[in-house]
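Engineer: In case you want the letters, here they are:
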Amino acid sequence: MFDLNTLWFILIAVLWIGFFFLEGFDFGVGMLLPFIGKKDEERRAVINTIGPHWDGNEVWLIAAGGATFAAFPQWYATLFSGFYLAFFLLLLGLIVRGVAFEFRSKDYNPKWRAFWDWAIFGGSLVPALLLGVAFANLAKGLPIDGNMMFTGNLFTLLNPYGLLGGLTSLSVFLLHGAIFLALKADGEIKSRAGAWAKKLWLPALILAVLLATATFFYTDLLPYRGATFVVFLVLALTGLLLAGWFVSRQRSGRAFVMTALTIVLTMAAFFVATFPRVMISTTDPAFSLDIWNAASSPYTLRVMSIVAAIFVPIVLIYQGYTYWVFRKRVTTDPKTLIY
Amino acid sequence: MNPVVLSRLQFAATTIYHFFFVPLTLGLVWVVAVMHTLYYRTGEEKWKRMTKFWGKLFLINFAMGVVTGIVQEFQFGMNWSEYSRYVGDIFGAPLAIEALLAFFMESTFLGIWIFGWERAPKKLHLASIWLVVLGSNLSALWILIANSFMQHPIGYDPASAATSRLVLNDFGALIFNRKAWLAFPHTILASLTTAAFFMLGISAWHLARKQNVEIFKKSFEIAAVLGLVSVLLTGVIGHEQGVEVMQTQPMKMAAIEALWYNDPAVPGSDFSVLTLFDSTGKGELWSLRIPRLLSLISCFNLDCEVPGVQQVQAQYEQMYGPGDYIPAMVFVYWGFRVMFYSALLMIAISGLAVLAMLRKRTEQMKLMRWFPLAILLPYLANTGGWITTEMGRQPWIVQGLLRTQDGMSPNLTSGMILFTLIGFVAIYAALMAADVYLLTRFAKAGPDATDKGVIGEPALAEK
Numbered sequence: 001m002f003d004l005n006t007l008w009f010i011l012i013a014v015l016w017i018g019f020f021f022l023e024g025f026d027f028g029v030g031m032l033l034p035f036i037g038k039k040d041e042e043r044r045a046v047i048n049t050i051g052p053h054w055d056g057n058e059v060w061l062i063a064a065g066g067a068t069f070a071a072f073p074q075w076y077a078t079l080f081s082g083f084y085l086a087f088f089l090l091l092l093g094l095i096v097r098g099v100a101f102e103f104r105s106k107d108y109n110p111k112w113r114a115f116w117d118w119a120i121f122g123g124s125l126v127p128a129l130l131l132g133v134a135f136a137n138l139a140k141g142l143p144i145d146g147n148m149m150f151t152g153n154l155f156t157l158l159n160p161y162g163l164l165g166g167l168t169s170l171s172v173f174l175l176h177g178a179i180f181l182a183l184k185a186d187g188e189i190k191s192r193a194g195a196w197a198k199k200l201w202l203p204a205l206i207l208a209v210l211l212a213t214a215t216f217f218y219t220d221l222l223p224y225r226g227a228t229f230v231v232f233l234v235l236a237l238t239g240l241l242l243a244g245w246f247v248s249r250q251r252s253g254r255a256f257v258m259t260a261l262t263i264v265l266t267m268a269a270f271f272v273a274t275f276p277r278v279m280i281s282t283t284d285p286a287f288s289l290d291i292w293n294a295a296s297s298p299y300t301l302r303v304m305s306i307v308a309a310i311f312v313p314i315v316l317i318y319q320g321y322t323y324w325v326f327r328k329r330v331t332t333d334p335k336t337l338i339y
Numbered sequence: 001m002n003p004v005v006l007s008r009l010q011f012a013a014t015t016i017y018h019f020f021f022v023p024l025t026l027g028l029v030w031v032v033a034v035m036h037t038l039y040y041r042t043g044e045e046k047w048k049r050m051t052k053f054w055g056k057l058f059l060i061n062f063a064m065g066v067v068t069g070i071v072q073e074f075q076f077g078m079n080w081s082e083y084s085r086y087v088g089d090i091f092g093a094p095l096a097i098e099a100l101l102a103f104f105m106e107s108t109f110l111g112i113w114i115f116g117w118e119r120a121p122k123k124l125h126l127a128s129i130w131l132v133v134l135g136s137n138l139s140a141l142w143i144l145i146a147n148s149f150m151q152h153p154i155g156y157d158p159a160s161a162a163t164s165r166l167v168l169n170d171f172g173a174l175i176f177n178r179k180a181w182l183a184f185p186h187t188i189l190a191s192l193t194t195a196a197f198f199m200l201g202i203s204a205w206h207l208a209r210k211q212n213v214e215i216f217k218k219s220f221e222i223a224a225v226l227g228l229v230s231v232l233l234t235g236v237i238g239h240e241q242g243v244e245v246m247q248t249q250p251m252k253m254a255a256i257e258a259l260w261y262n263d264p265a266v267p268g269s270d271f272s273v274l275t276l277f278d279s280t281g282k283g284e285l286w287s288l289r290i291p292r293l294l295s296l297i298s299c300f301n302l303d304c305e306v307p308g309v310q311q312v313q314a315q316y317e318q319m320y321g322p323g324d325y326i327p328a329m330v331f332v333y334w335g336f337r338v339m340f341y342s343a344l345l346m347i348a349i350s351g352l353a354v355l356a357m358l359r360k361r362t363e364q365m366k367l368m369r370w371f372p373l374a375i376l377l378p379y380l381a382n383t384g385g386w387i388t389t390e391m392g393r394q395p396w397i398v399q400g401l402l403r404t405q406d407g408m409s410p411n412l413t414s415g416m417i418l419f420t421l422i423g424f425v426a427i428y429a430a431l432m433a434a435d436v437y438l439l440t441r442f443a444k445a446g447p448d449a450t451d452k453g454v455i456g457e458p459a460l461a462e463k
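The listed protein sequences derive, respectively, from chains H and B.
Take 1 as the starting number for the first sequence in my numbering and just add one per residue.
Take 1 as the starting number for the second sequence in my numbering and just add one per residue.
Bound conformation, chain B alone (with noise of 0.2 angstroms):
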């Protein structure tokens, strides 16, 4: 098999995996520190054992986002040797910030955190919870600002653009990258988006079996409202995203809709509904497709022409010379919709759940069985979403400038990266084995295992 194939296959598991587990940490982070002022401010216990049941997920999902995250920094330069020479003077300085600013506050004030509940005085405590939150908030920020590089380059000197190494010349402008503020909020809300539904789900599970309700009753509430402004948040964020691709990736957007061509004769853009990609993947079977909200969503007016991909592809031939400038569209559709379309049923779920809430009728509420699959809803929004962002930039690994298939480190065989990619999926499946069966054996116990921390039968002394 290809290289090329190979890494970007290793790179998509390890990152997809990583982000599994990164979302739920940023999100919940939130809720675990407000839980734990709640309880400093009140000293009422309820607080505390929320605290500490929602703490102990949260800490579960974290060690295995910290782990997974080493993977990423390490496989710049092990995989990836040519872009990491490439853009090593601009794309490093984010990393190591992210490193120095971030990640030191996040595992050392989350070592105090876990550790300090008899042991450090409680205002220090306390504020450990707060800088976790701040150092994880911190370094989705820095490595958005790497990626955003990666989807629309600036802030370099354009005369080493042709060179073999770009040279940074403007440090203001790779940090305030446009692209970077609007992924992050995106990224945050989608973060406190999954971990509202994370709540919603398992609270949901408690109060179906009416157990535990007094912490569940609140978590679920706390839940539902979370999850209803967060989701609708991200959309609002995430529109702002959707125009800005189309005027510096437009390659992307085209993908996003399927949009071949867009007949300049007929007025406005449509937006696709569904479509079926034949064998090819650059062509349809069929399309269900509504006209003109392309443009009424893009650009706010009936008529906006928004370019198809082979209108693009004419564009970039122009541009860089001859190429396929065309992603794997079938990715880039279906990622967008799997997004999209799970966070519509978000919008419903906690609408529903709003609404039950404001009517109090929550405890007789019948679908509240069915609630704990809401779950899976944000964790296939934020993996769509990623490959959207990813597969829609191909063939570039840095938008314009240089090719995927020219960041490769040229040392490497496919059998080496056919063995490390295995290796890495067998050894992330039977960690991700044990960690849902943890996730779920605590999340089913409720706060009762949590309070001691431990699950099962004890073997040994009570603590």
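Okay, chain H solo, but in the shape it has when bound (with noise of 0.2 angstroms):
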């Protein structure tokens, strides 16, 4: 059955989806900032690479959030309160991660440029870690009462599995990053992030294979879904493995393909898996949230709908045009570096 519903669903997964594939690589370059920048030209040259583009990729999350509200709204209050401490590390992150972007490079001062490319640093590793940790609890699921109440705490969030997501999304989002780098850099800056890419393919591979292996002990997701699931998996890991061959290589457009391919998949078959529960409660499988006791009423649904078939596509033509006008490869040579 095809409802309005579903296609909501399948909206949001699909802004998540963006959200993590193009904030996914600016987490990364983000985090390799301090290591891959050597000198200040050099970190500059790093942030130009995502700078007119991560904000725009930061709405992508502030548009799944507001479209949870509207068609979900009972998704959206069970999951950000119960993800409570998590969500406040997380908007901490972002906060300082913003404004490093912004003011790092308007003072001369090496000990200004140092503190705010640290909290880029920080500001990023923070997210891509806690991202992780949070989608793997909702694979896993979590104590929710009948009440659509999450019962639990933070620590709650921080088992193994959890923690394996988090390193897991972290990992890949490195690589991720470093191969963009690859890709929109020059010079030493471009090699060095090559290098990177090597020496990080295996950690992602490794921390991959295990969170797919654990997830068969850890979630229903596999008898719930069954041999889609499995395929959907199978690709995602296909996909790193073949990230690797390129990056040896040294093909980083190919490889960035695949990296994104493997986000994509893996965000993919959490969605597919998980569907139609959008918060899965360990108590009591009755308890879990769907798409259809979570929703708006059909009458909001109808609204937002319009109202996004007019909208989504508008927004994805302008976006992707700005990677077209800054197509361009970033050097360090000063009279084309912007600050």
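Derived by calculation from the structure, the hints in this document are not laboratory data.
Do not rely on the hints blindly, as some may be mistaken.
Stated by the list, open to error - DSSO-like cross-link-like pairs, simulated, lysine-lysine; straight-line CA separation at most 30 angstroms:
hint, chain 1, residue 1, chain 2, residue 2
1, H, K39, B, K452
2, H, K190, B, K452
3, H, K111, B, K444
4, B, K48, H, K328
5, B, K48, B, K123
6, H, K39, H, K111
7, B, K123, H, K328
8, B, K452, H, K38
9, B, K452, H, K111
10, B, K210, B, K48
11, H, K328, B, K452
12, H, K328, B, K122
13, B, K217, B, K48
14, H, K39, B, K444
15, B, K444, B, K218
Assemble the dimeric complex from its two separately framed chains, guided by the hints.
Structural biologist: Below, the structure is given as structure tokens:
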């Protein structure tokens, strides 16, 4: 049965997938900044590879939050209140990072710049880790009572499976970011980024395989969704394998497509396998939130569908267009370096 | 401490902080866009330097507005989950539309504008700042539509009011809420006022030192005229809002005027110039009132009766059952006074500036060196205005439908909220220090610094 509830589930899935794909390399670049940028103008060039885009990329998260609120208010309420402290830390990361991008080059003082560079590092690392922890826990299920209330605390989320999810997202984003830098920068930055990608690939692969394996033990997704879920996971892991192949041959363009596929397919696997549930209750399966008991009224969903049908394509077109405008490689040539 | 009180404190702190940055963004973007357009049309270097100077200050401020805005969207779910469940069917829609319509537009095109001076086609580059104007102003509209629902809920199915969640039945009514269409121009005009006083103060600082006169004399004149016109228009709309509040939120109106009881035997209602509250906050020590002025400004006659706090309380007890429906009046009263008196001062100051400009005496003006202090006034007014609006609605989170205490997330403990409250306040204070440091240094360094985009001594090759 295809209804507006399903449509909104798909739309929210797309927003999250888009966010992980786009902000994934932003986080990776942010974490690599202090290591790949050795000199000041190199650091500026590293930031400029994502400079025009990171803010727009982050809006995917805000749009996902807003769409969840509008279409599935119960999901929004349970998720955001349940992950209270985790989301607080996520917010702190995003706040510090966003301000740091804008502030770091505004003063020549090397201490000022070093401070904000590390703020970008930390502000990218914390969200990259926490988002993985959050989604792994969503896959695993959470203690949710009959009133759709989360009954755990921060430590409920910090279980081995959740932490493995966090480490995996962290390492995959690092790899994704290194490959993106190899693709967008040139000279020293490009070759250093390539070298980092080579080093990062194997840990990312190992963690991803571990996570995929653990998923069979910690979640009900395999019995719940069966073969379709396995196909998505295998394809995602294949993407990661091929990324390593292209990285070793310095084909950054193709490697980037592969890590992008890995991220997109992993997230797609998550949404395919959990559907139609949105918050799985480990207290009692009957307490789980799904796309019907968490949803807004049919009238609101209709109104929002019309709005989305008009504006989502427009957003995709103009955001895609910005990547076209700034398609050239970023160099450390002071003439083209923008502060 | 009570978790509801802590949650309210956190929401107030993060929102007030967020709204330090938003009005300057909303207002200054218009100014920058117009300057950029003039540069595009005339090709004069002067306009480019002005665009870059005010644009740089705009950008430093913009970043703070964006990152603190994410917190706002998350907090409804984090701290107010029961509120989110109750109104999600209605309240979520404008928030989602805001992200989809406005946030994508402003952030994407701002990226093009910042990085596009050399790399984007000139027309697209100019268009991108205008799209930032459109995006940021649209965002203000949608969030005010959402807020107006909390002040004056309409567009919902009345049968759903007593259930666990409201149901939207008229999207048109929701977006054409009269409150929103008064709050929107009021906010935009207040934002233009903020931008104008920001410009006025910084320009005056330079003019008082006779530096960069070409750029800052022009900026001063633009700011003076813009400031006077927008602060006056903000007041005109504000007056309309007052009349509207009297009809839909009489308790807020009574609290604004510290009007305890309006004796029906005495015709007319008095305007409070200054009221000192007693320690209970529900009575006064001393008051200076102008007889009948409140009737005059609320109803355009000298006789109309604005109901007092005790009268509305009695009326609400009949409508909603026993309970205390009186907000923390000290805040509502003083929030309004601070806004209102700051506005009067701003009218005087921008009036003086315009007068000096018309008499071509700006350069001899003795007051010039005091003008930078006036930058504080719109910030005081903006903050006071929101405190009045939001605290005047209490004890309701949605007027007449849901009480604030019933909107809280039940799973949060006081310790958790205290932890995040301290965390937000600490990090916000540190960022504010960095922000003010940068703004002040750039503002004082003038267009030479913003042409380069960096301040301080170069430790590396010049751009």
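Engineer: Hints first: check each against the structure and report whether it holds.
Structural biologist: The hints, checked one at a time:
no.	hint	result
1	K39(H) with K452(B)	holds (19 angstroms)
2	K190(H) with K452(B)	holds (27 angstroms)
3	K111(H) with K444(B)	holds (22 angstroms)
4	K48(B) with K328(H)	holds (25 angstroms)
5	K48(B) with K123(B)	holds (15 angstroms)
6	K39(H) with K111(H)	holds (13 angstroms)
7	K123(B) with K328(H)	holds (20 angstroms)
8	K452(B) with K38(H)	holds (23 angstroms)
9	K452(B) with K111(H)	holds (20 angstroms)
10	K210(B) with K48(B)	holds (21 angstroms)
11	K328(H) with K452(B)	holds (23 angstroms)
12	K328(H) with K122(B)	holds (17 angstroms)
13	K217(B) with K48(B)	holds (15 angstroms)
14	K39(H) with K444(B)	holds (29 angstroms)
15	K444(B) with K218(B)	holds (17 angstroms)
Going down the numbered hints, you'll see the structure goes against none, and every one checks out.
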